[in-house]
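Novice: The listed protein sequences correspond, in order, to chains A and B. Counting from -15, one number per residue, gives the positions in the first sequence under my numbering. Counting from 3, one number per residue, gives the positions in the second sequence under my numbering.
In case anyone wonders, no lab produced these hints; they're calculated from the structure. Accuracy of the hints is not assured; some may be wrong.
Unchecked claim - Think about it this way: if two alpha-carbon atoms lie no more than 27 Å apart in a straight line, the pair counts; the simulated DSSO-like pairs of lysine-lysine are:
(1) A:Lys33 / B:Lys80
(2) A:Lys61 / B:Lys43
(3) A:Lys44 / A:Lys88
(4) A:Lys52 / A:Lys91
(5) A:Lys88 / B:Lys43
Model, not experiment: these values are computed from the prediction.
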Amino acid sequence: GNSVTQMEGPVTLSEEAFLTINCTYTATGYPSLFWYVQYPGEGLQLLLKATKADDKGSNKGFEATYRKETTSFHLEKGSVQVSDSAVYFCALSVGSQGNLIFGKGTKLSVKP
Amino acid sequence: EAGVTQFPSHSVIEKGQTVTLRCDPISGHDNLYWYRRVMGKEIKFLLHFVKESKQDESGMPNNRFLAERTGGTYSTLKVQPAELEDSGVYFCASSQERIQGRVRGYTFGSGTRLTVV
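Bound-form chain B, shown alone (with noise of 0.2 Å):
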């Protein structure tokens, strides 16, 4: 089966620009996962769908960033407008439906890398 895809693989733009980063779960994967690390730091939760519904979003950083999975399938995040702290590696990842209440594992994107300067 195909991967989980994401793109662009790196890009970089303007602080006050506008980004969209793009993801592809692997097909029929429910749960999708967007994560973000930021140079030499932890990788951290940004937020969780199950198909289309936003289940958990509390890892966004603020109001400049907005993810969307229009029918379930790809999903977007868009970052408007982009600051340098921004800077980092964008990961997604998709897994299957809850198994006996867990999740079962993940495959990830190769990520994007994002430069803001």
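If we strip away everything but chain A, and leave its shape as in the complex, we get (with noise of 0.2 Å):
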């Protein structure tokens, strides 16, 4: 069947630091790949997407990049700021119903 598998948090770091979210996938067919923000009080928000083998999503300063031989989805942003603290999920979508399969997200908070 169809999965996602990302790192568990919650990830902690200071402002300025390296950040990597681990993200893996299994699918039946030819997904598309997708990183949601969701910030404290509101909703789930697109932050990247990318659509096919070696395409690299980015968005805000993050980065993704679609490896169909590693099966991954990693998220990673050079330098992080407070306000990037945030529920991060991977999702993947297969097919034409457009219904998208989610990973169980990373908190990820970032001090000053």
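Join the two chains into one complex using the hints; note that each chain is given alone, in its own frame.
Specialist: Have a look at this one:
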């Protein structure tokens, strides 16, 4: 079946530290891959996405590359800010229905 | 444009009671989805409407859950009777029609936090 596994949190970093949140997937078809972010008190927001192998999604300094050979879509940011504190969800979508399959989420706390 | 609106934002009810959650999608969005995140677990798909029709309800946990989308506009999700394990955050999302076989990007609501005591 289809599933997403992402690293367990919480992750606590100091401001300007490097961030990596690992995400791997299994899929029966050829998925599109997403990172969603939920800031405190808000809904889920699409952070970035990639729809085919070797695509790199990027937004707000975050990046993730669709690696078909390792079935991974790790999220990275070179220098985190306090405002990046949120819960990050890796997700995939297969087929035309558009249903998303999520990982468990990783809570990130960035300290000044 | 206005976003996806969900209410209530929080609901605390006793086991055995009934609760109805509402979602107002972005105007013109044919696709409407319900998802649920139980504490500490994945966000899981519940069902998908295309206009007023249920396209896929494979994620609905049991027959205590009833979703409707009369007229293809807003949607309600009723839980009757509520059980303790129904506690969690219920998210709604909407998107425009499919383009080239793929649904356009979602817009999520802020969610309804349901606590059953």
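Novice: Hint check: Lys61 (chain A) vs Lys43 (chain B), CA-CA at most 27 Å. Holds or violated?
Specialist: 25 Å, holds
Novice: Taking 27 Å as the top limit, are the C-alpha atoms of Lys88 (chain A) and Lys43 (chain B) close enough?
Specialist: With Cα atoms ~5 Å apart, Lys88 (chain A) and Lys43 (chain B) stay inside 27 Å; holds.
Novice: Decide if the proposed pair is consistent with the structure: Lys33 (chain A) and Lys80 (chain B), CA atoms, cutoff 27 Å inclusive.
Specialist: It is violated: about 32 Å lies between the C-alpha atoms, which goes past 27 Å.
Novice: For Lys52 (chain A) and Lys91 (chain A), compute the direct alpha-carbon distance and say whether it is at most 27 Å.
Specialist: Cα-Cα ~26 Å, so holds.
Novice: Holds or violated: Lys44 (chain A) and Lys88 (chain A), Cα atoms, limit 27 Å.
Specialist: 22 Å, holds
Comparing the model with each numbered hint stated earlier shows that hint 1 is the single one that does not hold.
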